[in-house]
Amino acid sequence: MDLAFFLIQLLNGLQYGLLLFLVASGLTLIFGIMGIINLAHGSFYMVGAYLAWSLSSLTGSLSAAIALAIPLTVVLGMGLERLLFRHLYQRDHLYQVLLTYGLILVFEELRSLIWGDDVHGVAVPELLNYSIPLTENLSYPVYRLAISTVCLLLAFGLYFLIQRTRLGMMIRAGASNREMVQSLGIDIKLIYTLVFALGIALAAFAGMINAPLSSVFPNMGGGVLIICFVVVVIGGIGSVKGALIASLAIGLAETFGQVLVPEISGMIVYVLMAIVLVWRPQGLFGRA
Amino acid sequence: MDKEQNASCDRRGFLRGSSAIAGATAAGVLLPTHFAFGQQAKIKVGLMLPSTGTFAALGAAITNGFKLAIDERGGKLGGREIEYFLVDDESNPAKAPENTNKLVQRDKVDVVIGTVHSGVVMGMAKVLKDSGTLWINPNGGAGAMTGPLCAPNFFRSSFSNWQTTHALGKVLKAKGHKNAVFITWKYAAGEEMLEGFKEGFEKEGGKLTHELFVPFPQVEFQALLTEIASIKPDAVVAFFAGGGAAKFLKDYQAAGLKGKIPLYGAGFLTDGVLEAVGDAAEGVETTLHYADGLNTKKDNAFRLAYAKTYKLQPDVYAVQGYDAGQLLVAGLEAVKGDIGNKVGVIKAMEAAKIDSPRGQWTLSKAHNPVQDMYLRKVVGKENKVQGVAWKALADPARGCKA
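In the order they appear, the protein sequences are chains A and B.
One rule links them: number in the working numbering = place in the first sequence (from 1) + 421.
One rule links them: number in the working numbering = place in the second sequence (from 1) + 6.
To be clear, the hints were calculated from the coordinates, so they are not data collected in a lab.
Check the hints yourself; a few may be wrong.
What the hints assert, rightly or not - Residues of chain B clear of chain A, computed beta-carbon distances all greater than 10 angstroms:
1) A47
2) E104
3) K108
4) D113
5) M128
6) K176
7) K181
8) L214
9) A307
10) G343
11) D344
12) I345
13) G386
14) G405
What the hints assert, rightly or not - Taking beta-carbon pairs under 7 angstroms as the criterion, some of the chain B residues facing chain A (in silico):
15) A62
16) H216
17) F219
18) L230
19) E233
20) G249
21) A252
22) A260
23) K266
24) P268
25) V279
A virtual CB, placed ideally from N, CA and C, is assigned to each residue, including glycine.
All chains should be built: construct the whole structure from the sequences, respecting the hints.
Structure (structure tokens):
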């Protein structure tokens, strides 16, 4: 591998890592910060992608579709929190596993009824639909670079929200001692509803802006679910910074793994996770 | 004397008569009831296909095609009515033995039709080898089914994975490509297609320089596309399907490789995804046992009938389901619906010449179609036929001893 291709693979790895952070960001919030196990995370990702496809074919523009779809997913998240999740905060994690596993099945069936079982494509917005030539036969799609920028902004925004604002403090406090926060006069119920909805909207948003790259197809959420949990677990429960660094590490490991040791590339991520868990069971940036 | 004689005659006559009656009871009485059974009892057909999940659409197309073939014969098999039993296999290999047993042991079906997913096919093979139930597989291309696991009651109306890429070797040679890389998912079907291509290409003096694998079912191709750009092969051969195929085609274009390094593939790369990928697949050439624009009498009639019945356009999966139906019809018409005569049914199916929308095909010794592989090229939203890449291609059926 000469230097030029090494640098391109480095870019690939970082770019893929940022994409992973984007996809896992909703889970970081709901599972990492709020402590709710959400196996249906991938379903919300899928819902986002299908909304982006159906609304952009209606309106003819991906940005319009995203602008329309985000309020819808926020409402969806608030509704689910009010109707279902709220009743399980005090219960064992197993109840959340059962509920969210059920939701996966429900969302797959609804998707099949509403949108069918075909593969669909979403057009890359015209403005970003070109590639920058890197070598004589390889170019880099600008849309991928644009997504990377969005991911970085999102990472800093999320970090700021959780670590630096009063709201973030209340969220973190609520996750560790709900009753205490409530007795201090903070409406923790409302905050939880809002943060949960934000997590769902982030998962769906990831599906939306990733749709032009990944295409839209049944069960697309199943593929991202496991890697998202790996990101949160490696990064450490409750840490946005950890999730970002874990995403980048996984992105680089996968990219160079596929090129340098293709025979075992499928398991590299899990080996990485095992090593981290042996070394630091709480994850890279998790509280001990 | 006369009396005695008469008496003895009578006695003998009586004995003869009674033994005749006894014989009649033994053979005659049983035979008619058996015959009456044959006239009235329905033939039990078990459809084990995915009706949920990623492959639900494929399961539906196969079912539609199968029923169309039966309905064209008045909805009967060799004069007997049919009763269908349905099991959703969920494309879940872990549940394959259990699901197959539902049909074989609970419903006691006469014939099993299934399925799409190769992993499930392997699970079915275990159960059906023991039970000996007649089995027609309308899709799953796992080589082992008509290889090491082959059996007299196992039939396939679709393809073996090996077949779908073997003819590409000739195609690449004809285009003047001397070396190539193969990229696919790291799982059984992908590896079998790679072998099929490698064998065909090397026979033509070509060299497969790199085998690139993406973990299944991942769809992040950027690292390997960069690798391809640095290798600079004469051609790239790929196998992906469904959403993965759509993404690969788009990424190949976005990486600027399209038009610089020609892309070929197993037909599934460009089947069912052309709406989704826009112009990213334009010009990509693939081989498969079916194509758009064959324009034969049989294909036109089939497409018209299918579109009329189901308000849908048929695809390669519908054709495979249709041919599974035709194969079963051929078997049962030869024995006039007597499904109990399994040897007769199998013999007739082995000898059948199936007049398929894809063109005529027969069965190999291992019961896999010996069929023409078409070279197709993506033109607009169609996989347009360019010609026959390999006439009557037979799977080598390695390891089949039956």
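Against the structure, the hints come out as follows:
1. Once the 10 angstroms rule is applied to beta carbons, B/A47 is consistent with being away from chain A; the minimum gap is 36 angstroms.
2. Annotated as non-interface, B/E104 keeps its C-beta farther than 10 angstroms from every C-beta of chain A; the closest such distance is 19 angstroms.
3. Once the 10 angstroms rule is applied to beta carbons, B/K108 is consistent with being away from chain A; the minimum gap is 20 angstroms.
4. Every Cβ of chain A is farther than 10 angstroms from the Cβ of B/D113; the closest lies at roughly 25 angstroms, confirming the non-interface assignment.
5. With a minimum CB-CB distance of about 20 angstroms to chain A, B/M128 clears the 10 angstroms threshold, and the non-interface call stands.
6. Every C-beta of chain A lies more than 10 angstroms from that of B/K176, the closest at about 26 angstroms, which supports listing it as non-interface.
7. Distance to chain A confirms B/K181 as a non-interface residue, since its nearest Cβ pair spans about 18 angstroms, more than 10 angstroms.
8. The Cβ of B/L214 lies farther than 10 angstroms from every Cβ of chain A, with a closest approach of about 14 angstroms, so its non-interface assignment holds.
9. At roughly 26 angstroms, the least C-beta separation between B/A307 and chain A is larger than 10 angstroms, which holds for a residue marked as non-interface.
10. B/G343, annotated as away from the interface, keeps every beta carbon of chain A farther than 10 angstroms; the closest lies near 36 angstroms.
11. For B/D344, the requirement that its beta carbon stay farther than 10 angstroms from each beta carbon of chain A is met, with the minimum near 39 angstroms.
12. With a closest Cβ-Cβ approach of about 34 angstroms to chain A, B/I345 is found to remain outside the 10 angstroms limit, as its non-interface label requires.
13. Residue-level check passed: B/G386 sits 15 angstroms from the nearest beta carbon of chain A, beyond 10 angstroms.
14. Its beta-carbon lying about 25 angstroms from the closest one in chain A, B/G405 satisfies the requirement of being farther than 10 angstroms from that chain.
15. The interface hint given for B/A62 holds, since its Cβ lies 5 angstroms from the closest Cβ of chain A, which is under the 7 angstroms cut-off.
16. Proximity of B/H216 to chain A is violated relative to the hint, the smallest CB-CB distance being about 9 angstroms (cut-off 7 angstroms).
17. Interface hint at B/F219: satisfied, since its Cβ lies 5 angstroms from the closest Cβ of chain A, which is below the 7 angstroms cut-off.
18. Checking B/L230 against chain A by beta carbon gives a least distance of about 6 angstroms; that is within 7 angstroms, so the hint holds.
19. A distance limit of 7 angstroms between C-beta atoms decides the matter here; for B/E233 the minimum to chain A is near 5 angstroms, and the interface restraint holds.
20. Proximity of B/G249 to chain A holds as hinted, the smallest CB-CB distance being about 3 angstroms (cut-off 7 angstroms).
21. Against a cut-off of 7 angstroms between C-beta atoms, the interface hint on B/A252 holds, since the closest Cβ of chain A lies about 4 angstroms away.
22. The restraint placing B/A260 at the interface with chain A holds, with a minimum CB-CB distance near 4 angstroms, inside the 7 angstroms limit.
23. Interface restraint check for B/K266: the shortest CB-CB distance to chain A comes to about 4 angstroms, inside 7 angstroms, so the restraint holds.
24. Annotation: B/P268 was flagged as interfacial toward chain A, and the flag is violated, the nearest CB pair being 12 angstroms apart, outside 7 angstroms.
25. About 5 angstroms separates the beta-carbon of B/V279 from the nearest beta-carbon of chain A, less than 7 angstroms, and the hint is met.
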